[in-house]
Amino acid sequence: NAGVTQTPKFRILKIGQSMTLQCTQDMNHNYMYWYRQDPGMGLKLIYYSVGAGITDKGEVPNGYNVSRSTTEDFPLRLELAAPSQTSVYFCASSPDPFGNTGELFFGEGSRLTVL
Amino acid sequence: AQRVTQPEKLLSVFKGAPVELKCNYSYSGSPELFWYVQYSRQRLQLLLRHISRESIKGFTADLNKGETSFHLKKPFAQEEDSAMYYCALSQDNLFFGTGTRLTVIP
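In order, the protein sequences belong to chains A and W.
Going by this note's numbering, 108 is the number at position 108 of the first sequence; the sequence numbering is gapless.
Going by this note's numbering, 13 is the number at position 13 of the second sequence; the sequence numbering is gapless.
Just chain W, with the same shape it has in the complex (with noise of 0.2 Å):
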């Protein structure tokens, strides 16, 4: 069963335009939700989860239970932001979604 579900493979964007990533889960419990983020040549590493609540170089992602999403979004898109990004559910294992390449056009 697909667990998490990236529905955007390429995502572009002009710099400074607001970016949304997004992410749709399938879990019946509380979930633990990560952003995972591959630069260009470099290992892939976490960007941010859920639980801290934080911002991580302007990127936020918000828990809707609801629509059991978790979009990663920053307001004005930067050239930097361009690389690979995954949505992770943790239960028991950590579970990727298929990521999404985001382009920022200068």
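Isolated chain A (complex conformation) (with noise of 0.2 Å):
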């Protein structure tokens, strides 16, 4: 299994580009997240969903938006990118809510940067 697979691992956007992440699982998992990592930080959640069609905002959506077709892809869609979306996002997943186990699995990372 290859587990949580991200792409592209590093990227540099134009402000007000446009770009997708995308993020896709081989784990039958229901549970799908989305987070980024600013220098210094803690993981904080973009966006969720708890299985496909139904998604849900975190911490901070704003500038962000996903999609969930099917259970095995969360594309994370940047609009009009921004300096202050200069980050590592990670896509994660997990069989049930965070607040059962507590163990989410992640991908690699995407580095982003926007000049």
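Possibly wrong hints are sitting among the right ones.
To be verified - If the Cβ cut is set under 8 Å, some of the chain W residues that face chain A in the computed set are:
no.: 1; residue: 4
no.: 2; residue: 32
no.: 3; residue: 34
no.: 4; residue: 43
no.: 5; residue: 44
no.: 6; residue: 46
no.: 7; residue: 49
no.: 8; residue: 86
no.: 9; residue: 90
no.: 10; residue: 93
no.: 11; residue: 94
no.: 12; residue: 96
no.: 13; residue: 97
no.: 14; residue: 98
no.: 15; residue: 99
As the list claims (entries may be wrong) - Across the chosen pairs, the derived CB separations fall in these ranges:
no.: 16; chain 1: A; residue 1: 15; chain 2: W; residue 2: 84; range: 22 to 32 Å
no.: 17; chain 1: W; residue 1: 29; chain 2: A; residue 2: 51; range: 18 to 28 Å
no.: 18; chain 1: A; residue 1: 41; chain 2: W; residue 2: 56; range: 21 to 31 Å
no.: 19; chain 1: A; residue 1: 38; chain 2: W; residue 2: 40; range: 15 to 25 Å
no.: 20; chain 1: A; residue 1: 69; chain 2: W; residue 2: 8; range: 40 to 50 Å
no.: 21; chain 1: W; residue 1: 68; chain 2: A; residue 2: 59; range: 18 to 28 Å
no.: 22; chain 1: A; residue 1: 16; chain 2: W; residue 2: 51; range: 38 to 48 Å
no.: 23; chain 1: W; residue 1: 18; chain 2: A; residue 2: 16; range: 49 to 59 Å
no.: 24; chain 1: A; residue 1: 17; chain 2: W; residue 2: 103; range: 32 to 42 Å
no.: 25; chain 1: A; residue 1: 16; chain 2: W; residue 2: 73; range: 43 to 53 Å
no.: 26; chain 1: W; residue 1: 10; chain 2: A; residue 2: 2; range: 27 to 37 Å
no.: 27; chain 1: W; residue 1: 65; chain 2: A; residue 2: 17; range: 41 to 51 Å
no.: 28; chain 1: A; residue 1: 56; chain 2: W; residue 2: 27; range: 15 to 25 Å
To be clear, the hints were calculated from the coordinates, so they are not data collected in a lab.
For glycine and all other residues, C-beta sits at the position ideal for the given N, C-alpha and C.
Build the complex from these two chains, which are given one at a time in their own frames, with help from the hints.
Set out below in structure tokens:
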């Protein structure tokens, strides 16, 4: 199993550009998440999904959109990129909500720089 | 509100010395707490959860409700323990601390 796969690993964007971070998992997990990690800070939840067709906002959703058309895929879209979105983005999945076992399976991260 | 605090960004210890990574939380109910670890060039992964009362790779963590702490301890540090450690609190969401980078000096 590949687990959680994120692409791209690195990307540089200009202010105002848009892009999509891809995330796919092959563990048949219902729950998927997108976190961002700014330098010196903890991970903050952007969006999450409890199953195909269902998404919800996390702590820091502004400037982002998500969709969940299949169990496997959970892309994160940045519209009109801003320097404040420079961060490392992590996708994760779990078989149950974080309140249960607490175990999330993470991707390798995507480092995004907005100039 | 900061739910999880890890006061040390960096911690260095010598091989064989005891190590303690501090974590304090703010939550009025019964907390679900976890430690995650990220080794160099590897993914963030769960190390242990308080409810399991387990020892993983020689690490233990005790929940102290009076002090609202969940410190991670190991009696004899090994070089392979060098990594980034994150404390996390589950409260409808999983809230992460800012992390502590542990370096074990040979």
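Would the stated hint for residue 86/W survive a check requiring a Cβ distance to chain A of less than 8 Å? holds, 7 Å
Chain A contact restraint for residue 93/W - C-beta distance below 8 Å: holds, 5 Å
Restraint outcome when residue 97/W is required to lie within 8 Å of chain A by C-beta distance: Status holds, d = 5 Å.
Interface hint check: residue 49/W, Cβ to nearest Cβ on chain A, cutoff 8 Å. Holds or violated? holds, 5 Å
15 to 25 Å was suggested as the range; check whether the CB atoms of residue 38/A and residue 40/W agree with it. Because 20 Å falls inside the window, the suggested range holds.
Can you verify the interface hint for residue 43/W: is its Cβ closer than 8 Å to any Cβ in chain A? Because about 5 Å separates residue 43/W from the closest Cβ in chain A, which is inside the 8 Å limit, the hint holds.
Can we keep the residue 90/W interface hint, with Cβ of chain A closer than 8 Å? With Cβ-Cβ at 5 Å, under 8 Å, it holds.
Is the shortest C-beta separation between residue 46/W and chain A less than 8 Å? Holds: closest Cβ of chain A sits about 5 Å from residue 46/W, inside 8 Å.
Does residue 96/W hold up as a contact with chain A if the rule is Cβ-Cβ below 8 Å? holds, 4 Å
Between residue 10/W and residue 2/A, does the beta-carbon spacing fit 27 to 37 Å? holds, 33 Å
May I ask you to test the interface hint for residue 34/W with respect to chain A, counting a Cβ-Cβ separation under 8 Å as satisfied? Since chain A brings a Cβ to about 4 Å from residue 34/W, closer than 8 Å, the hint holds.
Given a hint of 22 to 32 Å, does the C-beta separation of residue 15/A and residue 84/W actually sit inside it? holds, 30 Å
Against the hints set out earlier in the document, no violation occurs for any number.
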